[in-house]
Amino acid sequence: MKPIKTVVLLLLIVGLLPVGTAYAKLDLGGTIYIKWLDGNRHLQNGLQSNAENNNGDQGQGTELEILLSGTVSEQVEFGARLKNRFNRNYWSNMGGFGGGYTYDAGSGTVTSSGEYNSLEAQYVKFRGAFVKLTPGYRWIDSATIGSNDWGQFDPYIIGKIRYIDRDNLSGLLFQGSALNKTLKWDIARISLPKLWGGPGWTTGTFHAQDSAYGGQVKYNPFAALNLTGIVEYSHDQELDATDDNTKNGQSMETRVRDVVYGLKAKYSPMDWIDLSLAYYHSDYSTFADLTTQWSPYLNKDAKDSAWKVNIDINKIFIDNLSCAIEVFSIGAEYQSIMAARREADVLMTEGHDGSWGARMPLLNNEIGYGGWDDTAQQVATFNVDNDFTDFDERMAETCIGWKGVTIVPKFQIDALRLQGEFTYLDYNTNWQAFDEDNPNSTDYPLLEGNAGVGINGGFRSPYAPFQDKTTMIAVLNWAYDVDLGTGINLFGKFKWIGEEDKRVDEEQYLSDGVSTPWYPSTLFRDLGDDDRDLTYYMGRIGAGYQLTKDLYGKFYYEYYQADLDDGTVAFTPPAGAGWWSGPYQSGDHIKNKYALQFDYFLSGMEFGLNAQWIEGKYEPDFKGDYTLVDNGSGVMGVQLADGTFVADETQDFAMYRLKAWMKVKF
Amino acid sequence: MVRKMRGVVMVGLLSAMLATSAWSATVTFKDPVGDDKGPGNYTYPTDAVYTPGSFDITQFDVTAKGSNVNFAVSVNSKLEDPWGMGVGFAVQMIFIFIDTDNKPGSGHTEGLPGLNIQFDPANAWDKVVILSPQKQARVLSEAKIKAPDLLKDILVPNRTTGSGKTIEGTVKLADLGGGDPAQWSYQVIMQSNEGFPAKTDLLTRKVNEYEGQHRYGGGNDADCDPHVMDLLAGKGEGKPEEVQLQYEMLKYECDATGGSVKRATLIMVHK
Numbered sequence: 001m002k003p004i005k006t007v008v009l010l011l012l013i014v015g016l017l018p019v020g021t022a023y024a025k026l027d028l029g030g031t032i033y034i035k036w037l038d039g040n041r042h043l044q045n046g047l048q049s050n051a052e053n054n055n056g057d058q059g060q061g062t063e064l065e066i067l068l069s070g071t072v073s074e075q076v077e078f079g080a081r082l083k084n085r086f087n088r089n090y091w092s093n094m095g096g097f098g099g100g101y102t103y104d105a106g107s108g109t110v111t112s113s114g115e116y117n118s119l120e121a122q123y124v125k126f127r128g129a130f131v132k133l134t135p136g137y138r139w140i141d142s143a144t145i146g147s148n149d150w151g152q153f154d155p156y157i158i159g160k161i162r163y164i165d166r167d168n169l170s171g172l173l174f175q176g177s178a179l180n181k182t183l184k185w186d187i188a189r190i191s192l193p194k195l196w197g198g199p200g201w202t203t204g205t206f207h208a209q210d211s212a213y214g215g216q217v218k219y220n221p222f223a224a225l226n227l228t229g230i231v232e233y234s235h236d237q238e239l240d241a242t243d244d245n246t247k248n249g250q251s252m253e254t255r256v257r258d259v260v261y262g263l264k265a266k267y268s269p270m271d272w273i274d275l276s277l278a279y280y281h282s283d284y285s286t287f288a289d290l291t292t293q294w295s296p297y298l299n300k301d302a303k304d305s306a307w308k309v310n311i312d313i314n315k316i317f318i319d320n321l322s323c324a325i326e327v328f329s330i331g332a333e334y335q336s337i338m339a340a341r342r343e344a345d346v347l348m349t350e351g352h353d354g355s356w357g358a359r360m361p362l363l364n365n366e367i368g369y370g371g372w373d374d375t376a377q378q379v380a381t382f383n384v385d386n387d388f389t390d391f392d393e394r395m396a397e398t399c400i401g402w403k404g405v406t407i408v409p410k411f412q413i414d415a416l417r418l419q420g421e422f423t424y425l426d427y428n429t430n431w432q433a434f435d436e437d438n439p440n441s442t443d444y445p446l447l448e449g450n451a452g453v454g455i456n457g458g459f460r461s462p463y464a465p466f467q468d469k470t471t472m473i474a475v476l477n478w479a480y481d482v483d484l485g486t487g488i489n490l491f492g493k494f495k496w497i498g499e500e501d502k503r504v505d506e507e508q509y510l511s512d513g514v515s516t517p518w519y520p521s522t523l524f525r526d527l528g529d530d531d532r533d534l535t536y537y538m539g540r541i542g543a544g545y546q547l548t549k550d551l552y553g554k555f556y557y558e559y560y561q562a563d564l565d566d567g568t569v570a571f572t573p574p575a576g577a578g579w580w581s582g583p584y585q586s587g588d589h590i591k592n593k594y595a596l597q598f599d600y601f602l603s604g605m606e607f608g609l610n611a612q613w614i615e616g617k618y619e620p621d622f623k624g625d626y627t628l629v630d631n632g633s634g635v636m637g638v639q640l641a642d643g644t645f646v647a648d649e650t651q652d653f654a655m656y657r658l659k660a661w662m663k664v665k666f
Numbered sequence: 667m668v669r670k671m672r673g674v675v676m677v678g679l680l681s682a683m684l685a686t687s688a689w690s691a692t693v694t695f696k697d698p699v700g701d702d703k704g705p706g707n708y709t710y711p712t713d714a715v716y717t718p719g720s721f722d723i724t725q726f727d728v729t730a731k732g733s734n735v736n737f738a739v740s741v742n743s744k745l746e747d748p749w750g751m752g753v754g755f756a757v758q759m760i761f762i763f764i765d766t767d768n769k770p771g772s773g774h775t776e777g778l779p780g781l782n783i784q785f786d787p788a789n790a791w792d793k794v795v796i797l798s799p800q801k802q803a804r805v806l807s808e809a810k811i812k813a814p815d816l817l818k819d820i821l822v823p824n825r826t827t828g829s830g831k832t833i834e835g836t837v838k839l840a841d842l843g844g845g846d847p848a849q850w851s852y853q854v855i856m857q858s859n860e861g862f863p864a865k866t867d868l869l870t871r872k873v874n875e876y877e878g879q880h881r882y883g884g885g886n887d888a889d890c891d892p893h894v895m896d897l898l899a900g901k902g903e904g905k906p907e908e909v910q911l912q913y914e915m916l917k918y919e920c921d922a923t924g925g926s927v928k929r930a931t932l933i934m935v936h937k
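Those protein sequence lines, which keep their order, are chains Z and X. In this text, residue positions in the first sequence follow the numbering used here: the first is 1, and each later residue adds one. In this text, residue positions in the second sequence follow the numbering used here: the first is 667, and each later residue adds one.
Looking at chain Z on its own, in the form it has when it is part of the complex (with noise of 0.2 Å):
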């Protein structure tokens, strides 16, 4: 019922416009998307694949979007957004009919559901609006109030969040140009998402006036060169607690204040030959004097730096071989709040892949043994969001603190495409107790406190207190199209990781059989205790092909080898304890998936599937001084420092996941 009365009160709306107007017009339209989940998790928690507490692997769902566009004259265009959000919507709910408020005694919580549940009930929100003035005068172009996505900008600096939360950033946005637009000036003021807009996930008490603003001006004076400025202010107020005279208004105060700046060139000389640099700095402020490090920015103030260069060889010796360079450096303090935290790719480097992206194997709560699909997008950030997404989508992952070179060769020879790829990294991040003798420093976020552990090593925790780390990368994409029937595309991949990470290299931290300065196990004697060693493989295997002139299908088999040395049974300290937790994970792990993949268009209609099965074993290897041990029930283990029985046999994971989706544009 509620769409239906929210296409009634548009209706009414057009009737309102002015008639006669040449430029007048509205413009309605929408989307019908609905998602199919299907999986041998067997959970309801949402209709998504990946979201902290909200996430599932069954039921069927519809979102509704309308779309509204228009123009009221010839400098004056709108648009507007409303759409509900899967969450728990599933068909099951019947529209969200029924339900109530439950009180537990107990606990004394109230819970609703059905109608009285705002993830249940199909509500249609209002998801943004704005509206674009282009009045014709010769210092502006255009001037875009209300919802924005921000893409204009620099990743780096500012950038998007989650594709379903485009609108949910709003602010103004001046725009102009001058030298007959070959200068471009932007000028922004957004204001700051109170949800994670600040340490500790929050702008504080006071948010309303909180802000962000942005300046950008491109210059491109001939074809060959492009220039770029770009600023950043960010400005997080709170009251002051100590004005108690109301009399003249209330002071205010600081609670977080961050400048960005960068400068970008483009050069191409030649055709076969292009040259960017890119360099950013940050300067940062933080009086927020948080206790907790669960929190998206740095708990101190920092000023860093980025910087990349590109080079890109378009043409080698031959026809269809070139070469594409990139040499990188993020600082480890780089900071900026409004940075993309995901839409974005800032490195060259395919880093990590999405497989392995679970915080640990088999959290329910989460996206599942099987991971993310492909490779890791990375952001200049650790306020990274991989929350709301599906298996079939990219994982973000930080690149704060990388440095490196990357070098990407392509050669291409009739039906066959062949790309590789070197990386060789270093960190920013590589220090003995965070650089100020002080392991429990508190000024460095810890978030999952996963950094370079397990196989990924946590999406969004750059920082640890003892880091040597140095990662290498090689890769070798193939794609070849045989010429039969409608052409079958094949393709192939091999990866390669190599990462060694020696942790504590300063025996002023190792235990001295009393005491521990830093880990909590009086066991870490030696200074190969905490050394972590891994050797990982990855393969690939497809083909795809044009089934009938409205299908195509593409199965693919993907093969994981990962062998991990993560510290000897010494080191495992107290999962939640200060920096580190997660699983025992040293040994073999080995994963195989295979994948169904089609897709579908009939005249406006678009129908996608992505079937998957995953299967594999994790065989605990132990290091170090240790006693197989009885647990009580006739498994054979070890017994860490914490406590934590690890079973010294072969574990096995299955994983079936399905999503199957529909989507029809009106």
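What the hints contain is simulated information worked out from the structure, not anything from laboratory work. Just so it is clear, CB atoms sit at the ideal spot from N, CA and C, and this is done for glycine as well. The reader is advised that the hints may include incorrect statements.
Unchecked claim - Selected chain X positions facing chain Z (in silico; Cβ < 10 Å):
#: 1; residue: P705
#: 2; residue: P711
#: 3; residue: T712
#: 4; residue: G732
#: 5; residue: V805
#: 6; residue: S807
#: 7; residue: P823
#: 8; residue: K831
#: 9; residue: N874
#: 10; residue: G878
#: 11; residue: S926
Given chain Z's structure and the hints, the job is docking chain X onto it.
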């Protein structure tokens, strides 16, 4: 008799060799750098994904290989895939109009929906090849709805890929009507892949008076202006004078209500 047979065989072999060498020839056209301005004043959308030069055609190659014809278009910017299209490029969409018979008045003079162009009757097109990062089925599905009368002459490669600075796709020579691609006339239209097109546009991106985040600027808010960022002009040799020839070709005129008074009228280039 034997000598005659040898002679026949030799002639046949020679003919086959000549035919093969003709079939594997590449026809190349060049376009000046920096003319990605449509009729002279068009500007790019403001989103960062539209990198400078990404709609600037620099070269167009047609290569006949056996029973297939490969079309390759190079641009003045490294191809990227910010939208995850999975084929090596994302923001570009290219229409290659072909006059296969070079007969004045034979073929179509109207452009495809969303381009707002027409062709001079002496340069009517017979086939159009669309290079899009969208799946073939989606492009054809859109064409079926928005250009049903032209559908039989719209070709979309089974797979279109981008690498380096070049986008390419291959279609069957038979689907193009057969013949010698070296003798055909061409016009290459550079547009943008619009995944959320207007109801009457074939996956094309609009040009407005002022650029928007995902709209070109410098044109007209109505549909009287050509939605073309770059094309071939003159003899397709990449000479500086071809820039002005392009601007002249894309000249248009709109009335006060946005109706078309003079639509941009294109001509082909040929070797």
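These are the hints, each one checked on the structure:
Interface hint status for P705 (chain X): violated, as the beta-carbon distance to the closest one in chain Z is roughly 14 Å, over 10 Å. Because the beta carbon of P711 (chain X) sits about 9 Å from the nearest beta carbon in chain Z, less than 10 Å, this interface hint is met. Checking T712 (chain X) against chain Z: minimum C-beta separation of about 5 Å stays under 10 Å; hint holds. This hint holds: G732 (chain X) has a C-beta 9 Å from the nearest C-beta of chain Z, less than the 10 Å allowed.
About 9 Å separates the beta-carbon of V805 (chain X) from the nearest beta-carbon of chain Z, less than 10 Å, and the hint is met. Restraint check, S807 (chain X) versus chain Z: the minimum CB separation of about 4 Å is within 10 Å; hint holds. At a threshold of 10 Å, the smallest CB-CB gap from P823 (chain X) to chain Z is about 9 Å, leaving the interface hint in force. With 10 Å as the threshold, the beta carbon of K831 (chain X) comes within range of chain Z, its nearest partner Cβ sitting at about 6 Å, so the hint holds.
Interface hint status for N874 (chain X): upheld, as the beta-carbon distance to the closest one in chain Z is roughly 8 Å, under 10 Å. Taking 10 Å as the C-beta contact cut-off toward chain Z, the hint placing G878 (chain X) at the interface holds, the least distance being around 7 Å. At about 15 Å, the closest approach between the beta carbon of S926 (chain X) and any beta carbon in chain Z exceeds 10 Å, and the interface hint on this residue is violated.
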